[in-house]
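Asker: Single-letter residue listing:
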Amino acid sequence: MFRFQSLDEDCTLEEEDEGLVEEEDEIDQFNDDTFGAGAINDDWQEEHKRLAELDERDELAAGLSLGGGGTLGGEPDLGGTQHSSSSSSSSRLPPSAGRLPLPSSLPPLGFSSSSSGLPPPDVEDRPGDGDLAESLARLILEADPAIAGVGAAERPGPPPGPGLSGLHGLDQPRVLQQTSSIPHQHPHHPQLPPGPSASGLPPGPPPSSMLSYQQQQHLMRRGTAPMGQMNSHSIWENSMGFGPVSVTPGLVTHMEDSPLMSIIKEVGLPKRPPQGRNDEGRDLSERVPPPRSSSPVIGSPPVRAVPIGTPPKQPMSHALNHQIHHPTAVHVRAPVQHRYPTPFPERLSPNTLLNIANSPLCRGPFPPRVGPVLSQIQRAQLLNSQVAGFPRGGPGPPLLPGGGGFRPFFGGPPPPHGHRMGPPPPHGPPNHTPPIRHNTTHLHPQHRRMLTQRMQSRGGDRGRTGGDRRSRDPYSNLMTQKEKEWVTKIQMMQLQSTDPYLDDYYYQNYYEKMEKRQERERDSSKKEHTTKLITPQVAKVEHTYRPVQFAGSLGKLTVSSVNNPRKMIDAVVTTRTDDEEKREKQVWNKRRQILYTVEKMYSLLLEVQDFEKRFVQTPEEDRDALVEQHKSNTEQLCSSLMEKEWEDRVSDEQCVMIMSVRKGKRLISRLLPFLPSPQATAVVMAIARNLPALAKKDKQDQVLCWLVEPVSTVIQSLSSSSLTDLLQELQGSEGQLATVLHNKFGVTLLYLILSEGERMQSSDPNCQLMDDNRWTELVFSVTRELLSVPSSALSPPLFTPPNLLSLFSRYVDRQRLELLQDKLQMSALSR
Amino acid sequence: MNYVPGTASLIDDIDNVASCLPQTGSIVTDYNKHLVLLRDGRTLIGYLRSIDQFANLVFHQTVERIHVGKKFGDIPRGIFIVRGENVVLLGEIDVEKPCDTVLQQVSIEEILEEQRLQQQTKQETEKVKMQVLKDRGLSIPKADNLDEY
Numbered sequence: 001m002f003r004f005q006s007l008d009e010d011c012t013l014e015e016e017d018e019g020l021v022e023e024e025d026e027i028d029q030f031n032d033d034t035f036g037a038g039a040i041n042d043d044w045q046e047e048h049k050r051l052a053e054l055d056e057r058d059e060l061a062a063g064l065s066l067g068g069g070g071t072l073g074g075e076p077d078l079g080g081t082q083h084s085s086s087s088s089s090s091s092r093l094p095p096s097a098g099r100l101p102l103p104s105s106l107p108p109l110g111f112s113s114s115s116s117g118l119p120p121p122d123v124e125d126r127p128g129d130g131d132l133a134e135s136l137a138r139l140i141l142e143a144d145p146a147i148a149g150v151g152a153a154e155r156p157g158p159p160p161g162p163g164l165s166g167l168h169g170l171d172q173p174r175v176l177q178q179t180s181s182i183p184h185q186h187p188h189h190p191q192l193p194p195g196p197s198a199s200g201l202p203p204g205p206p207p208s209s210m211l212s213y214q215q216q217q218h219l220m221r222r223g224t225a226p227m228g229q230m231n232s233h234s235i236w237e238n239s240m241g242f243g244p245v246s247v248t249p250g251l252v253t254h255m256e257d258s259p260l261m262s263i264i265k266e267v268g269l270p271k272r273p274p275q276g277r278n279d280e281g282r283d284l285s286e287r288v289p290p291p292r293s294s295s296p297v298i299g300s301p302p303v304r305a306v307p308i309g310t311p312p313k314q315p316m317s318h319a320l321n322h323q324i325h326h327p328t329a330v331h332v333r334a335p336v337q338h339r340y341p342t343p344f345p346e347r348l349s350p351n352t353l354l355n356i357a358n359s360p361l362c363r364g365p366f367p368p369r370v371g372p373v374l375s376q377i378q379r380a381q382l383l384n385s386q387v388a389g390f391p392r393g394g395p396g397p398p399l400l401p402g403g404g405g406f407r408p409f410f411g412g413p414p415p416p417h418g419h420r421m422g423p424p425p426p427h428g429p430p431n432h433t434p435p436i437r438h439n440t441t442h443l444h445p446q447h448r449r450m451l452t453q454r455m456q457s458r459g460g461d462r463g464r465t466g467g468d469r470r471s472r473d474p475y476s477n478l479m480t481q482k483e484k485e486w487v488t489k490i491q492m493m494q495l496q497s498t499d500p501y502l503d504d505y506y507y508q509n510y511y512e513k514m515e516k517r518q519e520r521e522r523d524s525s526k527k528e529h530t531t532k533l534i535t536p537q538v539a540k541v542e543h544t545y546r547p548v549q550f551a552g553s554l555g556k557l558t559v560s561s562v563n564n565p566r567k568m569i570d571a572v573v574t575t576r577t578d579d580e581e582k583r584e585k586q587v588w589n590k591r592r593q594i595l596y597t598v599e600k601m602y603s604l605l606l607e608v609q610d611f612e613k614r615f616v617q618t619p620e621e622d623r624d625a626l627v628e629q630h631k632s633n634t635e636q637l638c639s640s641l642m643e644k645e646w647e648d649r650v651s652d653e654q655c656v657m658i659m660s661v662r663k664g665k666r667l668i669s670r671l672l673p674f675l676p677s678p679q680a681t682a683v684v685m686a687i688a689r690n691l692p693a694l695a696k697k698d699k700q701d702q703v704l705c706w707l708v709e710p711v712s713t714v715i716q717s718l719s720s721s722s723l724t725d726l727l728q729e730l731q732g733s734e735g736q737l738a739t740v741l742h743n744k745f746g747v748t749l750l751y752l753i754l755s756e757g758e759r760m761q762s763s764d765p766n767c768q769l770m771d772d773n774r775w776t777e778l779v780f781s782v783t784r785e786l787l788s789v790p791s792s793a794l795s796p797p798l799f800t801p802p803n804l805l806s807l808f809s810r811y812v813d814r815q816r817l818e819l820l821q822d823k824l825q826m827s828a829l830s831r
Numbered sequence: 001m002n003y004v005p006g007t008a009s010l011i012d013d014i015d016n017v018a019s020c021l022p023q024t025g026s027i028v029t030d031y032n033k034h035l036v037l038l039r040d041g042r043t044l045i046g047y048l049r050s051i052d053q054f055a056n057l058v059f060h061q062t063v064e065r066i067h068v069g070k071k072f073g074d075i076p077r078g079i080f081i082v083r084g085e086n087v088v089l090l091g092e093i094d095v096e097k098p099c100d101t102v103l104q105q106v107s108i109e110e111i112l113e114e115q116r117l118q119q120q121t122k123q124e125t126e127k128v129k130m131q132v133l134k135d136r137g138l139s140i141p142k143a144d145n146l147d148e149y
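In order, the protein sequences belong to chains A and B.
Heads up: the first sequence begins at 1 in this note's numbering, then just goes up one per residue.
Heads up: the second sequence begins at 1 in this note's numbering, then just goes up one per residue.
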């Protein structure tokens with residue numbers, strides 16, 4: 001509409017003749033195409049004839065206008081021409097009546113209607129150039145076929161030509177009446193006899209924008225029988241949504257005369273599928289209506305297998321097309337609502353996206369980025385929709401024929417699926433031609449289901465010899481491929497994980513162990529693998545939260561979200577001055593400090609422990625970095641145990657601190673194997689030294705026993721001197737040994753040391769253990785203590801090394817040995 | 001033999017999946033039925049047509065099979081939609097497997113009669129038991145079939 005109005009200024013209506021000439025030139029330009037979408041398949045000879053006739057009429061009109069152009073300033077009298085030429089027009093029309101002129105071409109013919117449709121005052125206001133604009137406006141409005149159709153009223157006046165009788169059958173008899181009556185269009189006011197105008201006319205034409213696009217299309221379709229030929233080629237050329245002027249030659253004559261028609265030509269008329277096909281008694285319900293975009297989907301043939309007669313089913317995409325391809329189009333109506341509510345929105349989008357992707361003019365309301373985007377899902381769906389129509393003949397189970405479509409989406413889907421997909425198609429019935437694969441993504445699921453079922457049932461009838469059992473069951477495929485994918489997708493999405501070791505640690509480890517176990521049990525010849533769960537493999541995508549920012553603005557937006565919540569309470573830290581509370585707090589702080597240290601060390605430790613596993617998994621390039629990190633981790637761990645000042649001695653204090661917490665003890669037990677030998681020794685020494693204190697703290701938990709294993713490993717690697725030192729430490733202060741003996745761990749530790757010493761002595765005769773008397777003395781003191789301690793107080797150890805007796809036999813006399821034996825055995829038994 | 005997680009593994013079972021190869025020449029109609037055991041103890045056998053992520057099942061040409069002792073009876077039921085939470089177990093019936101059961105099929109009336117008798121005896125024994133316990137001052141709360149929270 002806006003275009004029309006803009007022409008107000010452009011049009012110089014005073015010079016009709018010149019205008020005519022211009023239009024002729026324009027006409028030539030527009031009809032430049034010889035082939036393709038632009039060309040019109042009509043007979044040029046006929047067109048020429050009509051043009052010639054038009055020229056004659058023009059002269060006639062000119063003559064008439066000159067004669068009668070009283071009131072209208074230089075404007076030809078339309079009314080006069082109307083009446084004069086009505087007869088001629090009516091006589092002319094019969095030949096062309098067979099080709100029903102499009103209502104859209106009627107616009108110029110609608111002048112009479114325009115006049116009639118206008119409120120009377122306007123009619124009287126004709127004279128004067130000032131009204132030229134008005135009249136033009138009216139003209140433009142009327143030129144709109146919709147308005148012409150709607151606004152027109154029954155006009156008894158101008159006799160409907162004989163050719164019109166055929167037209168009466170159409171929807172818009174009023175329009176057609178005017179068609180006949182106005183062969184000659186000029187942008188001028190029709191000077192009609194008041195009679196016709198006074199006939200009860202409906203109020204002025206509704207604004208064109210009110211008329212839906214569909215109605216217009218409807219109009220188009222009605223008068224289409226003979227036009228099928230012309231439009232056939234252009235229906236599928238979706239690159240031109242508003243095609244080239246697809247109007248009858250009969251109308252061309254009228255069109256040429258008016259600048260408006262040139263507008264229409266430029267903008268184009270909505271396409272009119274040939275009506276003729278619909279009249280034939282064909283079963284159209286089986287055909288897949290093609291999507292408006294005929295761009296070939298990946299791997300599928302162009303959608304031409306369907307007869308052209310099927311009307312498009314997607315007015316929405318049609319409108320979309322127009323929007324894209326003629327962004328300046330005037331005739332863009334409010335898009336018609338989709339007939340079916342789409343449960344799966346993506347059903348539409350592959351199509352829409354394709355439209356966008358393949359439109360030659362990628363400008364317009366859509367940003368260029370939208371172009372090539374076809375998400376994996378949609379691509380998979382498209383692929384599958386192609387396959388959906390294919391009968392799943394063959395013996396294999398109908399595995400997700402989306403097996404093919406799945407691959408782009410998931411890294412997972414296993415080869416077995418793939419190779420099973422292979423056999424079915426070739427196994428299909430030999431004499432069965434595969435049905436046409438239609439792109440059915442845009443259809444309603446119900447529709448698609450029916451289509452596939454029908455096709456399959458037909459395929460089944462034909463392909464019985466191939467054993468296509470599945471297709472004979474009429475209830476199969478109730479669940480469409482899409483739905484199956486959807487269910488599977490839901491399940492798979494829940495398993496998506498960028499870091500399986502983090503998300504599902506126990507599952508991963510368990511399965512690894514199982515696999516290792518099974519591989520050990522089986523021969524290598526048996527290449528059987530256990531059933532494995534298919535999990536999607538998703539690439540790691542780092543999502544860093546960046547708060548909303550606008551470029552060029554001062555300051556930042558204060559937007560609160562999940563990641564960035566608004567501050568609700570202003571928490572202010574107040575220190576209490578109470579002494580007692582201070583002390584309590586200090587204690588708590590200390591504890592927290594310890595826990596914090598323990599936590600930090602734990603995380604380092606875990607990384608160190610996982611190093612091996614990670615090492616195997618990372619690719620070659622990253623391995624060095626991993627090693628580096630590992631080293632730094634271990635160093636950090638070590639340093640955390642060290643004294644702050646000395647840097648090379650294990651801090652007793654720190655150790656004890658850590659060990660005072662349950663978790664700390666576990667930490668140390670796990671940490672010991674990873675520490676370098678001197679450090680480990682030092683730690684064990686520290687433990688021994690502080691054993692009473694630790695034992696006291698451990699009374700409840702008995703977690704110290706966890707340390708036995710790593711400690712024993714350390715002890716076994718000790719040198720004789722360090723062993724002696726250790727033993728000494730254990731006995732360090734007075735009464736320490738007694739407490740040691742009270743504690744299970746202590747006793748175990750003691751025994752470990754002793755047994756290690758014994759082992760050393762017995763295995764290596766050159767052992768330095770006996771070099772100084774320390775060892776012997778220590779052992780003596782131990783035995784003394786052991787004997788003196790009441791057996792009830794003696795805590796049973798975790799285990800008694802067997803060679804203790806031989807140790808004692810070296811140092812003590814028989815009597816004492818027996819006593820010791822009793823004691824130890826007793827303690828061993830009483831466990 | 002890798003499998004998809006959850007109810008998605010049922011996708012392959014939908015419709016008539018016959019995993020056997022066709023015999024020479026003859027058209028073997030091997031339709032695999034599924035058997036589902038529900039929480040209330042019913043056994044349904046039918047063609048599985050559709051599923052969703054909750055394992056809601058759509059059964060076609062369903063038959064409810066009642067077992068009493070060594071006898072069983074089939075009651076045709078038509079189309080069943082089973083809510084996923086009521087499924088105890090679900091499995092495919094292998095048509096190929098030789099059917100060497102000792103079970104004897106009887107008519108519907110007979111099996112229903114048998115079932116009624118079975119229920120009756122069960123109730124009577126239960127009653128007797130409760131009475132005996134009551135006499136001794138004990139009581140065992142009856143655990144209902146359905147969950148009670």
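No lab work stands behind these hints, which were simulated from the structure alone.
Some hints here could point you the wrong way.
Okay, the calculated beta carbon distance ranges per label pair [claimed, not checked]:
no. : chain 1 : residue 1 : chain 2 : residue 2 : range
1   : B       : N56       : A       : R591      : 31 to 41 Å
2   : A       : R566      : B       : D52       : 33 to 43 Å
3   : B       : I79       : A       : S497      : 30 to 40 Å
4   : A       : R591      : B       : I81       : 56 to 66 Å
5   : B       : G41       : A       : D622      : 53 to 63 Å
6   : A       : E512      : B       : N56       : 31 to 41 Å
7   : B       : D52       : A       : S497      : 36 to 46 Å
8   : A       : D624      : B       : L35       : 56 to 66 Å
We put the CB at the ideal spot given by N, CA and C, even for glycine.
Asker: Please go over all the hints and tell whether each is borne out by the structure.
Answerer: These are the hints, each one checked on the structure:
{"no.": "1", "hint": "N56(B) / R591(A): 31 to 41 Å", "verdict": "53 Å, violated"}
{"no.": "2", "hint": "R566(A) / D52(B): 33 to 43 Å", "verdict": "39 Å, holds"}
{"no.": "3", "hint": "I79(B) / S497(A): 30 to 40 Å", "verdict": "39 Å, holds"}
{"no.": "4", "hint": "R591(A) / I81(B): 56 to 66 Å", "verdict": "59 Å, holds"}
{"no.": "5", "hint": "G41(B) / D622(A): 53 to 63 Å", "verdict": "57 Å, holds"}
{"no.": "6", "hint": "E512(A) / N56(B): 31 to 41 Å", "verdict": "35 Å, holds"}
{"no.": "7", "hint": "D52(B) / S497(A): 36 to 46 Å", "verdict": "23 Å, violated"}
{"no.": "8", "hint": "D624(A) / L35(B): 56 to 66 Å", "verdict": "58 Å, holds"}
Of the numbered hints stated above, those contradicted by the structure are hints 1 and 7, listed in ascending order.
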